[in-house]
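Colleague: In case you want the letters, here they are:
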Amino acid sequence: MPANPDSPSHGELLSALDDREGPARRLSEQELEAAVEAVVGRALPVRRVRHGQRRAAIPLLLASLAVTGLAGALVISRRPWAGFAVTTPVPADAITRSSPPRSAPAPRVSERATDTDPRPAPSDAPVASSSSAAERPSARESAADQLKAANQLRRQARWAEAERAYAKLASQFAGSAQGSVAALAAASLRLEQLKDPRGALRLYQSALRAPALSAEAGLGVASCHRALGDRAAEAAALRRLLATHPDSLFRERAERRLAALAAGTP
Amino acid sequence: MPTRRPSPGEPSHEDVQATRAGDRAAAARLVAALMPRVRNLVRYLIRGDREVEDVVQEALVAVLRGLGSYRAEGTLRSWADRVVARAAFAWLERRRAQEQRAIAASEPLPDWNGDGADEYLSRRRVVEVLDRLPFEQRHALVLHHVLEMSVPEIAEETRVPVETVRSRLRVGRLKMREALAPATTQKVS
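Residue numbers (this note's numbering), protein chains in the order written: chain A, 1254 to 1519; chain B, 82 to 270.
One chain only, chain A, in its complex shape (with noise of 0.2 Å):
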């Protein structure tokens, strides 16, 4: 007698669908939170504009995206330091106009991270210091073209080598959304692949810097403590989160980590 009666070993080819693991491959409780999200963010757009303020419009992927490889990008609209309001979905591989971020000096890129010649190939664009290099069609192409081949690894699961495409892109293109968007799928990896959360924290801190991406950044530092056992240090930057976040996709997750960790839940 077969150990598991309901296997499809034992009579039945095939059993009738349930929520049980498989045939879908296993994805960590971190990817499905993220696979969530993104379907929110893409079926219900949000709106916020505040009367009398210029919207700066961000085209970028959020890193969840970038990191699962799913197909799909959002054009942020910007209010300084209160939130994100998503206004429509355009394809992944259409990134496009982008306006930098506030104040955001170059990303430090971990030296772990690359090792490429961090210096842009002969063909492209310079690399950004500002907007107009990335905003200038042949560069705007060559980020688009380089993220979608990072993408194209990470759906192969060549963790290493997408890790150090995001890297690089990151680098070349430090300043712009494309680059904040790749230093945070960089982290990602860093974090869940490779097993790296000191790594993964340096990026996911370097990233920071960018408010359009600062959320996840945020979350992302959070969980990088948590990978490393400091759960002070978890617990301060779940609350910063919420403090500098407060109405972001990830304020439910946020609160209910905080509250597992005063529990004492591991």
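To be clear, the hints were calculated from the coordinates, so they are not data collected in a lab. A virtual CB, placed ideally from N, CA and C, is assigned to each residue, including glycine. Be aware that a few hints might be false.
[Said to hold, decoys possible] Computed cross-link-like contacts, SDA-like style, restricted to lysine to any residue with a CA-CA straight-line distance of at most 25 Å:
1. B:LYS256 x B:VAL210
2. A:LYS1401 x B:ASP135
3. A:LYS1401 x A:LYS1448
4. A:LYS1401 x B:LEU173
5. A:LYS1448 x B:ASP130
6. A:LYS1401 x B:ASP130
[As the list claims (entries may be wrong)] Facing chain B, a subset of chain A residues (Cβ under 10 Å, in silico):
7. GLU1286
8. VAL1289
9. ARG1295
10. ARG1408
11. ARG1411
Using the hints, position chain B against chain A.
Modeller: Just chain B now, with coordinates in the frame of chain A:
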């Protein structure tokens, strides 16, 4: 205190209503409740793991956007299953030629060393076998055995005659049994 994220299962009526009204937290709970089931269904329907998350996202976006048409005549999960299946078929239709070439080029299955005791591994093995079947047989098998649709329902859904569905099921079952036979034989003995 109400649970923020329910365990996988049937979303609550309250969350359905709130999602229709644009409540994003409710939408997140609804999607989280459906996600494991939807991921499994998509993996049953499409070949390989690579595109599953993309198709799942497409399908769940379709579920959320189409929530207004859910009439509560059956469970939300059952209604969502149909939406997901149609989204997966639409995706496959766009890539039909590419997928057919890939199926034709499939390499033989590696030997199965599992003992069937691990349900996850058994299910993974089953979809490896499904990955080598032609679309039509695969879909008939999944709609019938996984979604428990009747042959007439499948005929209507896929717009083919009832006899064609029966034939696809017959041939598909035979191929699956042949592919899974070594493991089954070992277990029986």
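Colleague: All hints are to be evaluated individually against the structure, with a verdict given for each.
Modeller: Tested hints:
For the given pair, LYS256 (chain B) sits about 9 Å from VAL210 (chain B) by alpha-carbon distance, which is consistent with the 25 Å threshold. For the suggested pair LYS1401 (chain A) and ASP135 (chain B), the alpha carbons sit about 14 Å apart, so the restraint of at most 25 Å is met. Taken as a hint, the LYS1401 (chain A) and LYS1448 (chain A) pair is honoured in the structure, with Cα atoms around 24 Å apart against an allowance of 25 Å. Between LYS1401 (chain A) and LEU173 (chain B) the CA atoms are separated by roughly 21 Å; this keeps the pair inside 25 Å, and the hint holds.
Distance check on the hinted pair: LYS1448 (chain A) and ASP130 (chain B) sit about 22 Å apart at the alpha-carbon level, within 25 Å; holds. Between LYS1401 (chain A) and ASP130 (chain B), the direct Cα distance comes to roughly 18 Å. Compliance with the 25 Å bound is thereby established for this hinted pair. Because the closest C-beta pair between GLU1286 (chain A) and chain B is about 8 Å apart, less than 10 Å, the hint holds. Annotation: interface hint on VAL1289 (chain A) holds; nearest CB of chain B at approximately 5 Å, less than 10 Å.
Below 10 Å, beta-carbon pairs count as interface contacts, and ARG1295 (chain A) has one with chain B at about 5 Å; its hint therefore holds. A cut of 10 Å between beta carbons decides the hint on ARG1408 (chain A): the least distance to chain B is about 5 Å, and the hint holds. For ARG1411 (chain A), the interface hint is violated, the least distance from its beta-carbon to any beta-carbon of chain B being 12 Å, above 10 Å.
When each numbered hint is compared with the structure, a violation occurs for hint 11 only.
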